[in-house]
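Trainee: Chains as they are written, first to last, in the working numbering: chain X, 1 to 268; chain F, 269 to 798; chain V, 799 to 851.
Derived by calculation from the structure, the hints in this document are not laboratory data.
Everything numeric in this text was worked out from a predicted model, so none of it was measured.
Each hint should be verified, as a subset may be incorrect.
Here are some chain F residues pointing at chain X (derived, C-beta under 7 Å) [as the list claims (entries may be wrong)]: (1) Thr290; (2) Tyr301; (3) Leu536; (4) Leu550; (5) Gln579; (6) Glu633; (7) Gly634; (8) Phe690; (9) Asp706; (10) Glu708.
The beta-carbon is built from N, C-alpha and C at its ideal position, and this holds for glycine as well.
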Amino acid sequence: MIDVIRDKVKELLDSGEIKGFLGLVRKNGHIAPHLFQKGDDLGAMSLGDDKVAGDARYPLNKFLINLAKAYPEETFAVLVRGCDDRGLQTLYTWNQLNPKKVVPVGITCPQELADACECLKPFPAVITAGECAQPGTPRSVAAVDALVMSERFSYWMDEFVKCIKCYGCSNVCPMCFCNECTLKCDDLVKGGELPPEIPVFHHTRAMHMVGRCIDCGLCEEACPSNIPLRTLYKKVGSIMEEQFDFTTGAVRGQRSPLNKIDFAEGRK
Amino acid sequence: MTNSIAEFEGADCIFIIGSNTTVAHPLIATRIYRAKKNGAKIIVADPRRVHISEVADIYVQQKMGTDVALLNGIMNVILEAGWHDQAFIDERTEDFEKFRKVVAAFPPEKAAEVCGVSADDIRAIAELYGRADKASLVYCMGITQHTTGVDNVKSLANLAMLTGNLGKESCGVNPLRGQNNVQGACDMGGLPNVFTAYQPVTSSAAAEKFARAWGVESLSTTVGMTIPAMLEGLAGGSLKGMFILGENPVVSDPDVNHVKKALEKAELLVVQDIFLTATAELADVVLPGVSFAEKDGTFSNTERRVSRVRQAVTPAGDARQDWWIIQEISRRFGYAMDYDSPQAIFDEMTSLTPSYGGITYERLEGDGLQWPCPTSDHPGTRFLHKDKVARGKGLFHAIAYQPPAEVVDAEYPLWLSTGRVFAHYHTGTMTRNSPTLDAEIAEGFLELSTDDASRLGIADGDWVSLSSRRGSIEVRAMVTKRISAGSVFMPFHFIESCANVVTNPAHDPICKIPELKVCAVRVEKSARLS
Amino acid sequence: MLKFSGIDEARLKASWVSSAEAPELVHEFTSFIKELRELGPSPLRADYRRELV
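Let the sequences and hints guide you as you build the complete structure.
Mentor: Written out as structure tokens, the structure is:
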């Protein structure tokens, strides 16, 4: 798979279509984000699989936003999996990236990763390399739904109480791009407390994931307290699906139903 | 640490004492959370109800400075119940009898009177820890920063040896080192009595070896001075100058009024740091060093893991590499050090340091190596004392409880302990310069129990004055159930309300660590308006 | 999300009341307070470990 990606990147760079390719590199025994430019050696390129599939992923789209801000005239290619692709589509609708300046280089996720992520679409819209895996089976949300109310309460409270307020969940989140963050607003979430106010801190973040969370799971990977954040945000996603028939980033150009004003309907 | 960070996940029981783990060592806390998920029992003993106690199966609140009493009480129960590991004791340790006698005379009821933890709780801890297959001890400065710091640590070593929880996976005695590279600083001989990797300066063989390597005729075999002795020397005039690198004793050392006076007496004070700290403000010369992101080299962390650090950005302004500054000073003093890189220094160090002998930059790629790593084909060491205790036989110490250097009285009726908050690091040199972290907690506070607060007529947020025999400061009160009546707590990060004005410089007779974790104070409502 | 976290949904109420409808606002408040009283103390109210800072 990686040879196909290398060839594609080389072609894009040589043709001058892109200024750089934002991907991953294996360097000094670690996998890290890297911007490949014309003439660079592509030999050490990585797709983010270290010991097991997809265990060295990064929020590349988040870095791409910064890159695009610094070089607004340039076009960049970026390595995307299914979740990253949903992220790109969503970031376009939020005007964080310009689709004319972004070239996605898509890879599929293997079945084991799709299963581990319970991913409903483990491949991007345009696939450069790889075979499509079957969607994963949703389990984690159902497991919590199966609990009675009091069990659910202690389950989440016992998880939230472990929070050390490192902001790792929002720092790693490719969809967290606000200049001002509610979580850092003292009137809404009181500063300086550990654990941060329960459950306000996590519920607030969950609410802000409405129409934004693309279920990449980086938050849960980054959480030093092992809080099952992905399950929390998966629930947000499933409510959006049930109530509004909306899956974040699934359809190009489709904006979150909570984030648009339909004037035509308003005049009725 | 005798064992490795990842090994916590496999422990059956983790006993945390004197460590505010989630606040000070969050990534160790991650492993403890995972251990809990894997079914481990967690015991937390701390005079404050610290955050990690949320996941504890047993939490106890011992009185400040009574750790030896608590531990002896626990060991008494273990011995009585026969949960000790006689085979381990017989084969791998010595001086058990002397120890046994002291502990046998310290039943849990007696311990309870001293440490304030009920005899039942002591029994419960003894059972959980004593009967676990793999039990791990975690401690931090709540254990060490006492006049009985060495006694406290030896007591923990006694507990691990008594139950055979040493030299095995997921067990051991695990002090959490506070800074990313403080283990490295000690390993590199940043102590007055040793060369690298604890080779004593008093050993003529070691001194000769280093003299040969450095091309000098001889090196001193006299032990150097500790920080308290240096400060005394400055105050008394026997010491004329001081060169401080990356420390801020004007905020971090006990009895800072005394520290300031001593530093002001220096004929020459040089401070090397990355920001103009309160200590640097007193200096005659300030040398700009570099931050972690601006330098190349290695860090050695709490689990003895040596990792590479690589320069990511060019040094700001006139900053220079720390090793280069030291080399230049040495050269201008007449001894021409001639290294061209941190790697050259590292290579020389490993050639003189048996436990680092097999480590090279090439081998450090990826996850690094844990010392001891004596040869180039040695894989590094995950846990120490395997099959055989490093010194030959593990030495039991008979340790009797001794009270702190300063105890409460009518004039100073409250116990004070100091520590950290999650948003800040040490004297705040770095973290208080970070807008995000400063916004979390921007000023100091004094934790006061609800009982003491109502007795003293103090409400949450009121300004109070906190006094000890050393000095007095003003700070806002935080009324909380986190701490028990009769005790108060304060973070020491904030120079505006500097906790170390009041702390006690009395120190451990052996290792000279100051008693930052307990002293006697008085709290009064301040005239300052809230 | 409240339900998912084991918190009774009845503890949260959202109503749309215009600034011209003062009696309606009063009614919303009084009736909701009554409902909450009937529900009893919130499990979160027991200082869910918050007192510990």
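Trainee: All hints, please: hold or fail.
Mentor: Status of the hints after comparison with the structure:
Hint status for Thr290(F): holds, given a least beta-carbon distance of 5 Å to chain X, under 7 Å. For Tyr301(F), the interface hint holds, since its Cβ comes within 7 Å of a Cβ in chain X; the closest pair sits about 5 Å apart. Among the interface hints, the one on Leu536(F) is violated; its C-beta lies about 40 Å from the nearest C-beta in chain X, farther than the 7 Å criterion. Here the hint on Leu550(F) is broken, as its CB sits about 30 Å from the closest CB of chain X, past 7 Å.
Among the interface hints, the one on Gln579(F) is violated; its C-beta lies about 12 Å from the nearest C-beta in chain X, farther than the 7 Å criterion. The restraint placing Glu633(F) at the interface with chain X holds, with a minimum CB-CB distance near 4 Å, inside the 7 Å limit. Given the 7 Å rule on beta carbons, the hint for Gly634(F) holds: about 2 Å separates it from the nearest Cβ of chain X. At a threshold of 7 Å, the smallest CB-CB gap from Phe690(F) to chain X is about 5 Å, leaving the interface hint in force.
Interface restraint check: Asp706(F) against chain X, minimum CB-CB distance 10 Å, threshold 7 Å, status violated. With its C-beta approaching chain X no nearer than about 5 Å, Glu708(F) sits inside the 7 Å limit, and its interface hint holds.
Checked against the numbered hints given earlier, this structure breaks hints 3, 4, 5, 9; the rest are met.
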